[in-house]
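There are 4 protein chains.
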Amino acid sequence: MGERMLVQGNEAVGWGALNAGCDGFFGYPITPQNEIPEWFSRELPKRGKVFVQSQSETGAIMMLYGGAAAGFRVMTSTSSPGWGLMQEGMSHLAAAELPCVIVLVQRGGPGQGSVRHAQMDYLCVTRSGGGGGYKNISLAPASVQEIHDLIQLAFYLADKHCNPVVVLSDGILGLIAETLEAKTIDFGPLPEKDWAVRGRDRQRDGKRRFIHSYPSGAPPRGGYANYVSWLEHMGKKYQEMADSELRYETYHSEDAALLLVAYGYVARVCKEAINTARAEGLKVGLLRPITLWPFPYQVIRDKVDLGCRFLVVEDSLGQMVEDVRIAVQGRAEVHFLGLLSRHLPTDGGMILPGRVLEEIRRLS
Amino acid sequence: MGERMLVQGNEAVGWGALNAGCDGFFGYPITPQNEIPEWFSRELPKRGKVFVQSQSETGAIMMLYGGAAAGFRVMTSTSSPGWGLMQEGMSHLAAAELPCVIVLVQRGGPGQGSVRHAQMDYLCVTRSGGGGGYKNISLAPASVQEIHDLIQLAFYLADKHCNPVVVLSDGILGLIAETLEAKTIDFGPLPEKDWAVRGRDRQRDGKRRFIHSYPSGAPPRGGYANYVSWLEHMGKKYQEMADSELRYETYHSEDAALLLVAYGYVARVCKEAINTARAEGLKVGLLRPITLWPFPYQVIRDKVDLGCRFLVVEDSLGQMVEDVRIAVQGRAEVHFLGLLSRHLPTDGGMILPGRVLEEIRRLS
Amino acid sequence: MGERMLVQGNEAVGWGALNAGCDGFFGYPITPQNEIPEWFSRELPKRGKVFVQSQSETGAIMMLYGGAAAGFRVMTSTSSPGWGLMQEGMSHLAAAELPCVIVLVQRGGPGQGSVRHAQMDYLCVTRSGGGGGYKNISLAPASVQEIHDLIQLAFYLADKHCNPVVVLSDGILGLIAETLEAKTIDFGPLPEKDWAVRGRDRQRDGKRRFIHSYPSGAPPRGGYANYVSWLEHMGKKYQEMADSELRYETYHSEDAALLLVAYGYVARVCKEAINTARAEGLKVGLLRPITLWPFPYQVIRDKVDLGCRFLVVEDSLGQMVEDVRIAVQGRAEVHFLGLLSRHLPTDGGMILPGRVLEEIRRLS
Amino acid sequence: MGERMLVQGNEAVGWGALNAGCDGFFGYPITPQNEIPEWFSRELPKRGKVFVQSQSETGAIMMLYGGAAAGFRVMTSTSSPGWGLMQEGMSHLAAAELPCVIVLVQRGGPGQGSVRHAQMDYLCVTRSGGGGGYKNISLAPASVQEIHDLIQLAFYLADKHCNPVVVLSDGILGLIAETLEAKTIDFGPLPEKDWAVRGRDRQRDGKRRFIHSYPSGAPPRGGYANYVSWLEHMGKKYQEMADSELRYETYHSEDAALLLVAYGYVARVCKEAINTARAEGLKVGLLRPITLWPFPYQVIRDKVDLGCRFLVVEDSLGQMVEDVRIAVQGRAEVHFLGLLSRHLPTDGGMILPGRVLEEIRRLS
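Protein chains in written order, with numbering that gives the first Met the number 0: chain A, 0 to 363; chain B, 0 to 363; chain C, 0 to 363; chain D, 0 to 363.
Just chain A, with the same shape it has in the complex (with noise of 0.2 Å):
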């Protein structure tokens, strides 16, 4: 059995990577997220661990790429401005095929925005922002316990994988405590990073290795006849990540006529709010992705030929609410409660769920 303590949720991001067997972090301070790499500081080093303050953001994500290809389990964590500062260091991570972990505490954006909680980055996150196309699994926690069980599944699906991954937080599940059991998950074994540049007379084989994206030289994993070939096997590993880790929770969605679609912390603003609907007598529910990408398309279809109707609830402009449609391929309706659908003016854009109530009952 594991620890039980109160802490945040920037906190559980440390406790969940230590429980990963995290040997390094590298980062830059950015609110709201600083509780994490003052929790690294504090915690890594006197483990024998390391903890680095990069010079900026464009600095930490490529020293993940040199602690990944050495073969260790590295992280960082940002907020919104600097994940723009990642994102030519994403597309080499995945190039190279590394193994990492980036946690992203949305807040408001664009540009230097709003330090506030928001939900503002869904789809550079989905959609490969640094270019290339390549496919990163995120992974969106909503509450305290699941950033630090996500954290660790994280580190296991980039080793399994081989590909960074990202845990998408926010400012509010970022800032929030909760109780948190704190123990070391097993998922399962992991093949040897035989790949990984640990110096020639550390190398089993003795041979050196380099690690870098086609094609400037051999290929990483394996022979490559060239670059196409090369896209092949990626285009195939992108494939089967997306068909082998979707995951996704539902809560009062078997007889729900109305399914409302949230992720993070809205999600359980969400459910407090279909809480009180069906007390109400309401036929109410929610599809809550963890993985956003990849995401649950076929799960809202099935609902779509149950005769569901959606509403999509966001702390964005509309971001997620375009993978609903998607998935609705226009043979339902899909409404939308998102940043601007204000009850007050003074409400300052928060989703509350006495506002998502109201949408709940105007809809049903």
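Hints in this document: simulated from the structure, not taken from any laboratory.
The structure displayed is predicted, hence computed values, not measured ones.
Heads up, some of the hints might be wrong.
Heads up, the list lumps identical chains together, so a pair's fine if it works in one copy or across two of them.
Keeping only pairs whose Cα atoms sit at most 30 Å apart, straight-line, the calculated DSBU-like set for lysine-lysine is [as the list claims (entries may be wrong)]:
#: 1; residue 1: K236; residue 2: K45
#: 2; residue 1: K270; residue 2: K182
#: 3; residue 1: K192; residue 2: K235
#: 4; residue 1: K282; residue 2: K192
#: 5; residue 1: K45; residue 2: K182
#: 6; residue 1: K45; residue 2: K282
#: 7; residue 1: K270; residue 2: K282
#: 8; residue 1: K45; residue 2: K192
#: 9; residue 1: K192; residue 2: K236
We have chain A already, so just place chains B, C and D on it with the hints.
Okay, now just chains B, C and D, sitting in the frame of chain A:
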């Protein structure tokens, strides 16, 4: 009448910018777009305009911030890895509502990828790769002449909407040479840039101005009470851009039973295949989006209603095909011919007319 | 005849550069020299010349490398902490034998120090702060007019010797306003820059050229067999610079029993004190080095032979006094009045005429 | 008794640092000192200490700022071009009075110069290359054992005086292998670092501390009324360092009529020449400064009084010879044998015993 000359696509960027009254170019070298900064370095200074080779792509994009804030028509160009480095800046430019033009000559990705032609940055260009949910009009030329003309349109639309505009070229369009008639296009009047920072003495009203995104101070364009009201303004502006700036070309589409959807150099390959197919009596046509954002969803839906089937051809693993599927909503077949749909093992992944024709025949 | 105007010392840098035919300025802001980049940003572009605010001082100094290598007259300016950042570049410029001008407006150090006036960079300017034993002529103006004139001389000497030249100003000279007669000074003919990199097509002999320091390839200026023979050439050039470019001013020095040695703004303070002292019948004079490197060692030695005693006055803890001691060789008294030699606890360390006069009286 | 082993000079840096209780190393690769960061990257992490390869030399030197401010024993190493990049940081470290150690393995300059051995950074090391008139003790080892011992002394002196200390090695000392007896040397007690920034909770008095140079806020070490009073403190500290830390070695100097002055590897070459010369009956000896700053001026002056003549031998165009001339004050002959004083056209400029002996014979 304009000057007629034989130029490469990358050079046509320069002539278009010059005819648009471009005041300054800031960039960093990367294949396959080096002819663009080379052109500007040679042609701008002797006309009393500014060329700067910045220290990096992060520097170049922020120089656009400065130049645009001062009211000048400024631009940069890059290729895919450099585009990754510009993502933070893109989000800042959008947030500060600064008009400027970014030319992206796509090469193969992800990461360093290949210096070959490709169309693998479609998703991040149309889905706010830098995060925060901004939108930017994306123009996709398919000839040297159109590069020249769309560069001018890009400057016009940037000024009209106070927003960065992306011109999405590729490694083939950039290097082919065609006849160009270079002349200035009049798109109509534009409002004065009374918001520009010109130094207090040159400001008409003698007041200092500051350009920045909400919420670091007073709003750049006038009174937003708070972050949410600023986002309301931004959301409304993005909607106006989506509603008013759609551009596309159709080719033999009136009676087409099979409609190809392609952009950029691939659209020209498709036209050649269509010519042959039409000669064979096959009812096939082309929809070529000129704006990738906004995307011609409704145009496609109208074709769905007429019973069309679709073949998306892209030099990628499949990116624009997502938008076609969004449009089609599952009500018609959507086929995909991409980078891996090789005719011969040795063709290097280029989309050739013969391969497209073969697919047309198979689907007809 | 030139134009007469009332300008600050920092502005006189600009007029001097303009009259020297300066083609480009590259710099980064820092107090107390911000008027210099401001001037260039306003005046250069409208004359078809180049102004770039670089990302940093390390960027600015390397832009000089590029501009000078292409055969242009280029310059930068900075203050003390920025000068620290330029040291690697200074050493590279010297090694590549690239003519350019660096204006250093000294402020109080070390580190961030104070934005006040000071003369605390003498040693690193005259002792190759960037390492490797290069030499650079260092010119120390003492008036607005002389700033203007020495900037022109700096460009001439840089071209004559193919070497960077430093103009050492300070926070007082930079900010005082005096009448300036701005006109071009003719220092005589200079050899053509046939070594410059101009692009193969614009090179007279149609050959490509490369500019770099030994030993990365072919020598920039012609055949050095190896590193040592290149150093022989460099050592000989430094000796020629030392032998031919000494400049200094004397004031009431003919019959002086006490010779003040001072440069920059402090030399003017000393002149005022000398005027009063002479009125009191005291035999006191001034030696003002205009070149700090080469330094007027022999001029001082000749005064030693005549029985002179010396008072060095510097706005520092004592730097140039080292050179005076080298010259005097222990054969005469060398007194020092520096930044800590305060007259009143409240005078902030400025060297004032009253304090110098007091010291003159004490020593006479 | 310590451990005996055969190691290179660059490795001896590591063992010395380890025996001094070094907590962290931050650096960037450059020939001929790459064995130093390689050693630390291998040895520090497994001992729970910190190694970071920074993005650049400017980053490395500022990481020393952070580590030293937190009270840790931290160091970096570099070679000549990297030393140029560290000059701004050196000045900041001195201003903030932060104890740390910088190892400079000299190579040929200026600029990129040559990766060969050289002694061409003497002047900028001893004359505050970063500007602002700070002083740093500079230690010059001449053997692998002494490298090890002086690294330890460097940490001690840095802590004792709250000042950066430079250890000046060269490309020959760094690469030769000799027997090393590695043990910790006890230099005596040091005051507690009660000024260090440790986080409020770990601070004994529970107060926050800030480390910075005057005048950005409260002084780091206690009450300076203003900039001048802070400089008074700094000037006094530099004088104390100069007065108390002089170190040098003499060899056959008692009855020497000709005294060689040399440091580093060249001093060993001189000893060999002296041995031969003594066997020939020539009265020749050696003064080897171990501290280059402070410099043994008085030791030389005492020899002048005894009628000595001097021969300075340096692997440069002449740098330390300036200090010898300052000491001698024109009262004795000072000869110079430098990098260009070649015996054979083919010897590459290395100072060899035969060439020194020849000069000794010529001067005896």
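Status of the hints after comparison with the structure:
1. K236 - K45: Neither way: K236 and K45 sit 38 Å apart in one copy and 36 Å across, limit 30 Å.
2. K270 - K182: The answer is within: 27 Å in one copy meets 30 Å, while 60 Å across copies does not.
3. K192 - K235: Classified as within: same-chain Cα gap 20 Å, cross-chain 50 Å, threshold 30 Å.
4. K282 - K192: neither (49 Å within a copy, 53 Å between copies)
5. K45 - K182: both (19 Å within a copy, 25 Å between copies)
6. K45 - K282: neither (52 Å within a copy, 59 Å between copies)
7. K270 - K282: within (13 Å within a copy, 52 Å between copies)
8. K45 - K192: Classified as both: same-chain Cα gap 26 Å, cross-chain 21 Å, threshold 30 Å.
9. K192 - K236: Answer is within: at 17 Å inside a copy they meet the 30 Å cutoff, but 49 Å across does not.
Of the numbered hints stated above, those contradicted by the structure are hints 1, 4 and 6, listed in ascending order.
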